[in-house]
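K.L.:
Could you fit the two chains together into a complex? Lean on the hints.
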Amino acid sequence: MREVFVAGIGMTPFGRFPDTTIEALGRQAILAALEDAGIGQNDVEVAYAGHARTGRLHKRENGVGQLCCWSAGIREIPIAGVGNFCASGSTALRETWMAVGSGLYDVGLAIGVEQLSKRPEGGQPLTSDGMELEGELGFTPPAFFALAARRYMHTTGVDPAVLAQVAVKNRRHASLNPYAQYRSPITLGEVLGSPMVADPLTRLSCCPTSDGAAAAILVSREAAERLELDRLVRVLSSSLASGGYRGDDIAHLDLDHRAALAAYEMADVGPEDVDVAEVHDAFTICEIIHYEDLGFCPMWEGAAMVQSGDSSLGGRLPVSTSGGLLSRGHPLGATGIAQAHEVVTQLRGEAGERQVEGARIGLTHCVGGFVTSDAAASAVHILAAA
Amino acid sequence: MSSESKRIDDGLEAAPVFEAAGPEVRLLGSECPRCGAVAFPRREVCVRCAGPHRPRELSGAGRLHSWTRLANPPHGFDGELRYGCVDLVEGPRVLAPVADAEPAIGVAVQAVPGAGRHGADGFRFEVRDA
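From first to last, the protein sequence lines are chains A and B.
Reading the first sequence from the start, the letters are residues 1 to 386 in this note's numbering.
Reading the second sequence from the start, the letters are residues 1001 to 1130 in this note's numbering.
Quick caveat, the hints were computed from the structure, so don't treat them as lab data.
Heads up, a few of these hints could be off.
[Stated by the list, open to error] Calculated cross-link-like contacts (lysine-lysine; reagent style DSBU-like; alpha-carbon spacing at most 35 angstroms): (1) Lys118(A) / Lys1006(B); (2) Lys1006(B) / Lys59(A); (3) Lys118(A) / Lys59(A).
[To be verified] A partial selection of chain B residues facing chain A, derived with a Cβ cut-off under 10 angstroms: (4) Arg1007; (5) Val1017; (6) Trp1067; (7) Leu1081.
Computed from a predicted model, the values in this text were never measured in an experiment.
Cβ atoms here follow ideal geometry from the backbone N, Cα and C, with glycine treated the same way.
In isolation and in its complexed conformation, chain B is listed as follows (with noise of 0.2 angstroms):
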């Protein structure tokens, strides 16, 4: 990704939620050493127990929890939408774009590189067979 193109996060957290790491996306969480509790994007406090969190890098890969096709998405995104909701293996939920049509919930997916609106740098999961 070029440094010059629009992130989807630019100005909206303090620090990067997301890199990509080959043809694979890490999403950048964090987690609590006293409970346990992962986190993503990135948080100071444990909403669980109220801990300071430290940062980890997530792999990016989770369990489709389910999946929906806007037909009328957002402003800035063309055409039919396909989104999920998805936990990581390590535990935090992400709402985000799917790239398979007609997925089985419960599937095998990982992050990947994909479009925001207007096109910006983001992710998406991608269905892996596993």
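The shape of chain A in the complex, shown without the other chains (with noise of 0.2 angstroms):
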């Protein structure tokens, strides 16, 4: 694989749009992440598009990236879609870096588009893919972590105030990103006392339906060259992984670590020389299972980091700065690119009040998915400072 650089980022603020369209949301973060290249539609050679109940919602299982990019005014060029749970948008981006990577072409797009906010069973929990045995029993994603998280308080004695700290550092992150679905600062208190959605995660504990999408430009270093691109950001790795089925313990995720030692190991780094990163905290517990997974600290003691403020800004290492997909929101296929889109502006140093000072090294993590009890797809990606 040869070098691969984001050379510019676009997305629309994350909420709930129901009177816009996919289509128009798309193009929106297209647009932008065009403008913040500084290339033409022209410019473009291939495209990947990450979504995930486009099909169930709007009726276009297919041909989303098409349908976005047509509306943006990009023709002819080879596009597909990706589907992989709320990992699509990060498997997407991982397309367009392998076909950067590999020669293929000079400059990709990749784009992330949901709009989750038409469901016609607004209220409840959102369903997952491929779960319909366990669905005629009662599954839902907020069942799966709210086991995990009571297997965590079992083995740690971790209590639920500690977990509740996650929701109120992200947001507190959120209310700095004017992207960002949920600004408002919220208190402990708040998070416990919200509705219990499953024991022992409350409604703030969870994150949003979201509609939005993000789009990000990946150049070889020919095309940054010749088309005089700057502020570029390199990516040092990418992996993907999925499930190992060996029914482990359910308070950690075996694929996250799979995938984190396989980001690790290509771009030549660890875990202690990341300086931002923005992981896949869909619910309070996640975050902290997905801190030690991703080897930022021992096992089963992940909580101390949220406790101490090591994962808030101005901490060791600055997690879910973006307000995390609790706060900034999560709608599906865009998140992996969000995650990209908030880690390329800390690297920049364009992240304002929320910027991480010296910021070098940052790591993205989407996981999403389940296959019988065991989730489905991990995606991490490396990114430094060029």
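P.N.:
So, in structure tokens, the structure goes:
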């Protein structure tokens, strides 16, 4: 693989926008990324689009990439959709990285888009593709992570108030991010006192239903020089793992651990080198588990990272500086690229009030879906200031 | 169970995944004669060693790995749903409703008849004193 750089990023604000369309969201993100990179539509040679629920909700299981590119004035090039649960956007980013890194293309576009506010079962937890039999017995994604949370509390003695600190921290971070869905600070009491969803996870311990899109332009060094691009961020590595189906302790996700190890090895860095990270905090417990599986701290010691402030802005390794899924929002297919948007912003030193001083290396992590009783897909990307 | 009532596995699996055995439920899984891995539901190819599986009836006995209460259960379930993660004594992990409130993690449980979505015939786990 040759070197690949992120040359441009763009995203819509995340929120609930039932009156817009996936086409308009996607177009807005693509145009913003092109403008940020300083290139034109005709410079884009290939595109991958991540989306997970556009089939069920918008009668568009296929063709979302072509639709959004057409809407933004991009035609004729190879375009493919990528469905990979909550990791759809990360996987689209990875496909684009492979397309440019392989040498087949010099300029690629990764886009992620989702509009969940139109789902008819609003107020109910999202269901999960492929868990039909389990679903007939009551399975939902919050149920899985509530099981993980109780197991975690049983093993460590940590109580729900500690888990809730993740939601308070990420909301505090989101208050500094103009793209975030929820920006008003919340208290520990509000998180713990919000309606119970799946014990011990309350509503404010769960990510919201979101709409939005994000896009990134990836280029080779040759393209960067030819097009005179600047503010480049280098993609050091990209990894993707699927479940091992071994019935491990439910409070950890082995595929995340494997994806992280692969990404660190390819990037030739370790978790101690990471300055800023966006992780898949779909529920408060997730962020704590992810600290451990990604190697940010020893196993079963993740709670201390949030209690000590280590994972807050100003701490040892700020995590979810965008506000994370919990407060920036989680439009499934857009999330992985929005994570890259945040990390690129940080590595360029353009994050304003939420800037992590001197950030040189950043990591993004998305995990999604279920197969039997294991998670299905985990993607990790490591980026570095160029 | 009446043959006319809906089952949770109707149309979802090639073969039934459970059958009643008096007051208990047996889970219909499979095992790998080569490496000994046990699966539920039944499968054809071993995900551990890639050998062929053969059908095996599982006792429905296991240990509770974790549990939760779904205050906001999915469509087709009424009220609060107690839900658990069970590791069967034969090995496989099963996610299913649990009968008891506040069960202890690690407690012995047994699969018994229970209702799935819209009251379909299914199974749940019940704490056993042992």
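K.L.:
Each hint should be assessed against the structure and marked as holding or not.
P.N.:
Tested hints:
| no. | hint | in the structure |
| --- | --- | --- |
| 1 | Lys118(A) / Lys1006(B) | holds (31 angstroms) |
| 2 | Lys1006(B) / Lys59(A) | holds (29 angstroms) |
| 3 | Lys118(A) / Lys59(A) | holds (12 angstroms) |
| 4 | Arg1007 | holds (9 angstroms) |
| 5 | Val1017 | holds (7 angstroms) |
| 6 | Trp1067 | holds (6 angstroms) |
| 7 | Leu1081 | holds (5 angstroms) |
Checked against the numbered hints listed earlier, the structure breaks none of them; every hint is satisfied.
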